[in-house]
Structures are given as structure tokens and as C-alpha cells.
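Trainee: Here is how the chains run, residue by residue.
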Amino acid sequence: MEDDHFLYALSSNNAWAGYKSHQNPHFFPKLADGQTPQILWLGCSDSRCPETTILGLQPGDVFVHRNIANIIAPTDINTSAVIEYAVAHLKVKHVVLCGHTSCGGAAAALSDSRVGGVLDTWLAPLRAVRYANKEVLDAMKDERARGTKIAELNVEAGVNVLMANVTVREAIEERGLQVHGCLFEIGCGRIRDLGLGTKGRGGMGLDGQEDVVRGRHAQIVFRGGRGEMSVK
Amino acid sequence: MLNSRVTTSLLQHPTSAAIRRAFISSSSSPSSSFLSSPLVRSGPLRFPTPTATTPSLLRHCSSDSHSSSSSSNPKSKLPNANPSSDKSTWRAMAEKDISRYLRQTHDRVFEHNRAWAAEKKKADPDFFANLSAGQTPEYLWIGCSDSRIPAEQITGLEPGDAFVHRNIANLVCNTDLNVMAVINYAVRHLKVKHIVVCGHYGCGGVKAAMSAKDLGILNPWLRNIRDVYRLHEKELDAIANEEERYNRLVELNVIEQCKNVVKTAGVQQSYAENSFPIVHGWVFGFNDGLLRDLQIDFEGMLKDIQKIYNLTES
Chain X
1 MEDDHFLYAL
11 SSNNAWAGYK
21 SHQNPHFFPK
31 LADGQTPQIL
41 WLGCSDSRCP
51 ETTILGLQPG
61 DVFVHRNIAN
71 IIAPTDINTS
81 AVIEYAVAHL
91 KVKHVVLCGH
101 TSCGGAAAAL
111 SDSRVGGVLD
121 TWLAPLRAVR
131 YANKEVLDAM
141 KDERARGTKI
151 AELNVEAGVN
161 VLMANVTVRE
171 AIEERGLQVH
181 GCLFEIGCGR
191 IRDLGLGTKG
201 RGGMGLDGQE
211 DVVRGRHAQI
221 VFRGGRGEMS
231 VK
Chain C
1 MLNSRVTTSL
11 LQHPTSAAIR
21 RAFISSSSSP
31 SSSFLSSPLV
41 RSGPLRFPTP
51 TATTPSLLRH
61 CSSDSHSSSS
71 SSNPKSKLPN
81 ANPSSDKSTW
91 RAMAEKDISR
101 YLRQTHDRVF
111 EHNRAWAAEK
121 KKADPDFFAN
131 LSAGQTPEYL
141 WIGCSDSRIP
151 AEQITGLEPG
161 DAFVHRNIAN
171 LVCNTDLNVM
181 AVINYAVRHL
191 KVKHIVVCGH
201 YGCGGVKAAM
211 SAKDLGILNP
221 WLRNIRDVYR
231 LHEKELDAIA
241 NEEERYNRLV
251 ELNVIEQCKN
261 VVKTAGVQQS
271 YAENSFPIVH
281 GWVFGFNDGL
291 LRDLQIDFEG
301 MLKDIQKIYN
311 LTES
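Going down the list, the sequences are from chains X and C.
For the first sequence, counting from 1, position 71 maps to 71 in full-length UniProt numbering; every step adds exactly one.
For the second sequence, counting from 1, position 42 maps to 42 in full-length UniProt numbering; every step adds exactly one.
Derived from the structure by calculation, the hints contain no laboratory data.
For each residue, glycine too, the CB sits at the ideal point set by N, CA and C.
Any given hint could be a false lead.
Facing chain X, from chain C, some residues (calculated, C-beta under 7 Å) [as the list claims (entries may be wrong)]:
| # | residue |
| --- | --- |
| 1 | Asn-130 |
| 2 | Ser-147 |
| 3 | Arg-148 |
| 4 | Gln-153 |
| 5 | Asn-174 |
| 6 | Asn-219 |
| 7 | Trp-221 |
| 8 | Leu-290 |
| 9 | Leu-294 |
Excised from the complex, chain C in its bound form (with noise of 0.2 Å):
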């Protein structure tokens, strides 16, 4: 974050294809060049310089009032490198301290964010004012609620980059207004060029929904994960380990929402005259901590789900 955001006008502008093509195609080694790239608030033109500032930084990039780190130097690394030390430190502390140390911290904060604002307006005289000025983002993220699945932090993408929809086992559902408007903003006035389902292995959603018990307000909600269970019955039936079974069911909630996006009409109206958005099937693993992309065939989906929900007027 202290490596200024080169172009603020990415928060405006979707990042020209080109350059992102010509970037991606000069990282030979994604796994070294994009070590920095989603720990800094840098544009993804920045990342190619792994020097860096530390992965801890990310916390408080975005927000000058977060922005303390315990190092008065705003470039050195931030000795917090271990969660687990970070939080038996401060289980340790004796309530009263915390708020006497809280004290003491306060002054830091403000000075490093009177650091970070002049290195952001250094760059940038109108990164604030741009800020402020309006958004463009590239994608529309449909997750999953889940605390363990910040959009933006698993995919490097900037603040600016992602339009965000998180809900209980990220359901698309017909009925359901929140989501529907969503999109409905997303891909007729955002115009996001992908579409993004996200799902994660270990769902706490999908599992309370497969169990034998009343829960309440949200039996409605999770009802629709026992309907993709039932559209998927055979394959899942097959599976003996139940793990992976519940792994599989949330690969196949995935894709059923993807196709849930798909019949919307903003989606297929959108597509038909711009070619996009694209709809992608994405699911994490907390294991390992990496993406897989479900090979969504969109334009195969597209077309045989207009079979019956065509809303094209065409």
C-alpha cells in the first residue's frame, strides 16, 4: 500500500487489456512475480516488483484511519508476521492494558496515516478525489458469506476491482430481490465484463443445509442447496467418502448458481449485444488456499439454458 496505486485512473478506467496482456505475458513465473500483488495496493501494472512492502501492510492499505502499523518506518516490515503469536499477545494482555497500549498506539496511527496519505497524493494528487468520484469494476463476485473468503484479499483484485455480493452458501436465487438486483446493477450499469460464483470446499452453509434438523428462517434459504442435491442425486449418491461427497455437492451448488446467473436478463440480454459478461464457476480451498476454476463452458450453458429461459427478446 505504501507503494503508491501507480494508476488511479484503474479505479475508473477497466485497466486496459492490453497492458494487463502484455504484464501478464512478461511474468514467466506468476507464483515469484505476483508475490506482492495481492498483499500491496498497488495496480496490477505494479506487481511485477516483488520488493515490496510486507504482506501485513495489506491489512490497513486501503484505509488511512487503519493504517497503524508498530513500526514508525511505514516501509519496514511489520513484525506481526505470525497470526497465532498476534493472537496469544494479546489474549495475554490484561484488559487494561490493551486500552493503555491502544492509547499509546493512537498517536502512531494518525502518523502513519499522515504518512500514507502524502505518499498517495505524492503519486497521485487525486487519488482521493478519484476515489470518491465514482467506480468501474471488471467483476461481479457472487461468494459466499463465510469470514474465511474476503473477495478481494484472495484475488488480489483492488479496492475499485470487484463488485461484491456475499450471502449464506452463495445461493442465486430467482426470487430472492437482494441478488437479483445485484446483477441486475452489476451488468446493466456497472457493466462488469465476469461474473464470478465462488464457492468453498468445507461449506458450513451446505452441510447445515444437508442435515435432518428445523432451522428456522433459514430453512427457506438453505432449501435450494437440498434442490441441487436432488438435480444431482445419482452422481452424489455414488460418492461413498462423505467428505468428498459434500465437496462434490459444493462444486455442483456452484455450477447451478452459474446457470442461475445465466437465466437472469441483464445476463442474457447484455451478452447478446456486448459479448459479456463471461459467467465463471470458481471454488476455494481453505487447504491450500488456492482458486480452482470449475472450466465453466459458458456459451454452451448459455445456449442450451435459452432453450427454455430465453429472455432476449430475439
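So here's chain X without its partners, still in its complex pose (with noise of 0.2 Å):
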């Protein structure tokens, strides 16, 4: 059984090639050339949210970091390595911090119960989130709603910790980098832009300001509160 599987994914990855370089001869050796995305994504693990494939973009196109349910930690090495190398050294654009609605990760935090191993330790930041909202999330009957506002909750506590990093603070000073906060709602498939970040709470798209993040062969505008996608 196991076989199967791996045999899978092996041969899809030997007709993807092919069809890659037959559609375009020079994609790989370009792609061998370097990398310059302007975009770095930090997501969550969550096996329903392939960026580069809900981005509508490409290789080359996005640098990722993924863990369980898209906690910043400031101290945590794994994520500020990605940060540092991300935006110190390939110099990216944008920074964006995606959480998204059915998170398993958003569901542990909020049961009372030991999930065992190593996430109780990992999710204490996103514990945390929960017992600072106590009063907003308690209020909310909807067990769905409420894993799906704290799930903002922790995108916008995450963006806090990015806003507070330094390597990223000299970054938005000197060249202008720009911090979003969005949702990925995986009932509909959309990208949900919360507002924060550089442009602020509620300032992103308001005045009619579109902010188009450019891949190599696609961009996501960021307008009225939220993303769209566009191939041409």
C-alpha cells in the first residue's frame, strides 16, 4: 500500500517535469539560475492550503514557512531563520501571514484538554491569544465562528510579533517591505485580507489604494479588504 502512494507521487513529479520543459524549454535551467520571490508566506501546515497553488502562482514565485497553525513565535529559530533569510538576504516584497478557517491547530487551543507531545508547548502562544480574548470568544455560540475568529486573532497576534522584529522593522523603514495579515477560507477559497500590518487596521483598500504583489506570472491585489488574484 504504502508503495502506491510514493510511487505516485514519484511519476506525477516525472510528467509535471516533462510537461514543464516541453511547454517551456528554458523554465528548470531558469529556475536553476536563483530565486528572487517577492513574496514570503507564512502559513499554516494544513494540507488544504498549498499557497503557491491558491496564490495562483508559481516556483520561484513564493518563499514559504509552514507549521502548525501559522504561529510567529519571536524566539522561535525555525520561523526567524525563514524571516531573516527571506527578507534580509532575498530581499522579498511583502510579507504574508495566512491563517485559515477549520484550523485543527485553532481547535486544539480552544479545548481545555492536553493535545500531548510537543503542542502544548508549540500552541501556548496561540493558548495565550484565547485567554487574552476570553470575553469576545466565549460570547460566540457558533463553534465554527469562533474557531474562525480565533484564528484572526492569531494572524493578527503574529503580524505584532513581525511588526515587532527588527530584521523587519529595518526593512519596512529602509526599502518599504509591506506586512499583511490575511484568512484562507477554505469553505469558498478565498483570501481574506484582515487589514494589518503596514497599512494598518481597516487602512488597506479603504481609499481606494490597490496593492498588486507581483508574481512572475500572476499577482494578488490587495484591495477593499481583500485579496484577489490575477493570471494574465
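Starting from the two chains in their separate frames, assemble the complex, guided by the hints.
Mentor: Rendered as C-alpha cells:
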């Protein structure tokens, strides 16, 4: 049984590589030259959130870190290394922290029972978000809505950590790096801009301005509180 | 994507091994029959139909809000087959033109979105409800953050198939709670069947790690790669060509990180109980876009590691 899935992914890759180079013989040689992604994506490991696919972008467009519940903890060396490399060395123009609805991590943080292993420690910042917003969350009767709310609050907390990161701060001042907080709605496939980060809450899109994140082959426009993808 | 996912239940339930087996054996030539596989969001069962939508459809396949193609017929080919021309076209457009263009395309986005959503719903009325109900991925993918290696696209795995962690140089460090939480959750809660550690040749992280530079906060992270070098110093020093040496270091790094995965309690205990997950080491090459399986002997590795790192309480 194991071999079937294994074989599947490998054969599939073979087909993909064949198709890509058939479509554009320069595709892979060009990739081999290096990467100049404009976007750093910080998202959840959840299998339903494949960042490059949901952004409609291509290999080379998005530098990616994905962890459990897209938690951004200031002292996490893993995330810190990713941010440092992407912002200071690759000089990405946008940092997108994206949470999502129906998040298992959010559900775990909302429950009072122990998850086990190292997970409780990892989820500690999310639990802290829960306790800090106890009233708001307790007042919500619908479980799904509560899950979405804590996912939003989690993104907000993460964006705050990003905005306090010294490398990020320097890049904002020196070259206008932009930080965004978004939520991916799995139930409908849309990314909703939460209006956090460099433009501040509610500021994005309200003045009719668009913010264009350009990938190699497509772009996302943050406008009217929503990110829209556009492929030429 | 517009040819709909056949079984949305694939998202919820591991695909039946029998079906996959039948599928794989029925496709005599993977390179042709899998042609459309990674490029459309159909389930694996759908793959042998190379009629297929065009690869460019892939990019907006999984999100309706993103489903903008420049064609009004969702089933027709998209014109931007050549990425480089696409790029230069954008560059040539003035900022003002771009925003005007975007406004114009705005309606079309929603048009496509409606078509896509309708088609999805027609094929499976529960598509969106199922998608938000939960995930049962078969794979845990531990890969590099490098933008050129989107796990799902290069493997043709569907949304819902692979739980993904990506960090600098695909490292699995004992004291890194981030990756440890990912492995723990994937193994104990999602019960993944495979864990893939995937490195890539030409890894910037690996190169940076071996340079005589103080890289600040990156130092403690990249130090692990220097440790890999130290463990295999003799073999690596014997390789005269620098690029070849780096490539071998990339491979050895993957193998060492596989070992680190095997050292975890979750993997050891789950394997003792269920005979899964299996740990694989792969390397992605940019030159040809192909994944190379390092053919790790998982059972041998496990046995070897448990001499010292046994956490199965047996």
C-alpha cells in the first residue's frame, strides 16, 4: 500500500517535469539560476492550504514557511531563520501571514484538554491569544465562528510579532517592505485581507488604493479588504 | 481544475490502495498518462485522461477567488503558456495601465469563479462543505522554504494530500519545537503514511552554511549543516569539484534529517504499532525538475537508530 502513494508522487513529478519543460524548455534552467521571490508566505502546514496553488503562482514566486497553526513566536529559531533569510537576504517585498478557517490548531487551543507531546508547548502562544480574548470568544456560540475568530486573532498576534521583528522593522523603514495579515477561507477558497500590518487595521483598500503583489506569472491585488488573484 | 475532482472524498479519506494500484498498473507510460496529473486538481483516478485542462489552469485551480484566466471559456487554453513573455508583458505595462487592466479583468475573475464553483458543485454538491470538514493527508512533506519547490505542484498532490512544513534547508532539529510539533501532529493525529524529507540541489541555505560568514540569527540554524559536513567530512573532502561536493552535501543533509525524523518518539511508536509512517529522502533538481529518491532503507535506518535512540518503551 505504501508503495502506491510513493510511486504515485514520483511518477507524477516525472510527468510534471516533462510537461513543464515541453511547455517551456527554459523553465527549469531558469529556475536553476536562482530565486527572486517577492513574497514570503507564512502559513499553516494544513494540507488544504497549498500556498503557491491557492495564490495561483508558480515555482520561484513564493518563499514559504509553514508550521502548525501559523504561529509566529518571537524566539522560534526556525521561523526567525526563515524571516531573516527572506527579508534580509532575498529582500522579498511582501510578508504575508495567512491563517485559515477550520484550523485544527485553533480548535486544539480552544479546548481545555492536553494535546500531548510537544504540541501543547508549541500551541502556547495561541492559547495565550485565547485567554487574552476570553470574553469575545466565550460570547460566540457557534463553534465554527469561534474557530474563525481565534484564527483571525492569531494572525493579528503573529503580525504584531512580525512588526516587532528587528529585521522586518529595518526593511519597512529602509525599503518599504509590506506586512500583511490574511485569512484563507477554506469553505470558499478565498483569501481575506484582515487589514493588519504595515497599512494598519482597516486601512487597506479603504481609500480605493490597490496594492499589487506581482509574482512571476500572476499577481495578487489587495483591495477593498480582499486579496484578488489575477493571471495575465 | 475545471475538470472537477472526481472524488472529493479523497480529501477526507485516504485513497484506496487498490484503486491506486489499479491506476498505476493501468498506465503503461507514466510520462504520457500522467501528463495532466500535477497540472489539474483532479483526483489521481482522473489522471489517465490527458484531455486535460492546460497547465496554466493549475495556478488558480484551488481557489475560486483566484480563478482568473484570460480566456472567457474556462475550458479553453490560456494564452500565457510562456512565463517569460508573460513577465515581460507585465513589465512593459505602466502602473496605470496595470490597474486599469486589473479593473477590467475584475469582472472576468468573478465570471470564472462562478463557472468554476458551479462546475465543482455540479460534480460534487458537497465539495466546499467537505473541504472545510477536515483533512486526512497521506504525506508529511518536510522541505526547503525555497520558492522554487512548491511541494504540491511538483508532486501533483492535491490540496488535502500533503501536510507541509518548510524551513531553511529542510532541517529537522531535535530542539526545534516548530518542526517537532509538525511531526508530532502529522504522525499522532493525522496518522500520515509517509514522511518525505525533500532537499534540493543548489540549496542557498547549504551554501550559506558553509561560507565563512557571521550570519547573525541564521548562525544557530545553519550550524546544523556544518555538523552534517563534519559527520561526513572524509567523503566530502574527497570530492574535488565544488558543485559536486555541495550536491553531495545536500544529499547527505537529507539523509541526516531523515535520521532525525526517525529519532522522534512519534515515528518510532507509530511504526511499532501500525507499520507506518515510512520515511523517505528525496532531492529535487532544478535542471530537469525531477525528484530523485535517495532510496533510504527505512527499516535498516530505524533499527540502527534504535540502538541508541529507542523511545518505544519496549
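Trainee: Work down the list of hints and note, for each, if the structure agrees.
Mentor: Structure-based check of all given hints:
For C:Asn-130, the interface hint is violated, since its Cβ never comes within 7 Å of a Cβ in chain X; the closest pair sits about 10 Å apart. Restraint check, C:Ser-147 versus chain X: the minimum CB separation of about 4 Å is within 7 Å; hint holds. Given hint, C:Arg-148 at the interface with chain X, holds; its Cβ is 5 Å from that chain's nearest Cβ, closer than 7 Å. For C:Gln-153, the suggested interface contact is upheld, since its CB lies about 6 Å from the closest CB of chain X, less than 7 Å.
About 11 Å separates the beta-carbon of C:Asn-174 from the nearest beta-carbon of chain X, more than 7 Å, and the hint is not met. Given hint, C:Asn-219 at the interface with chain X, is violated; its Cβ is 9 Å from that chain's nearest Cβ, farther than 7 Å. Because the smallest distance between the Cβ of C:Trp-221 and any Cβ of chain X comes to about 4 Å, under 7 Å, the interface hint for this residue holds. Hint status for C:Leu-290 relative to chain X: holds, with the closest Cβ pair at about 5 Å, below 7 Å.
For C:Leu-294, the shortest C-beta to C-beta distance to chain X is roughly 12 Å, which exceeds 7 Å, and the interface hint is violated.
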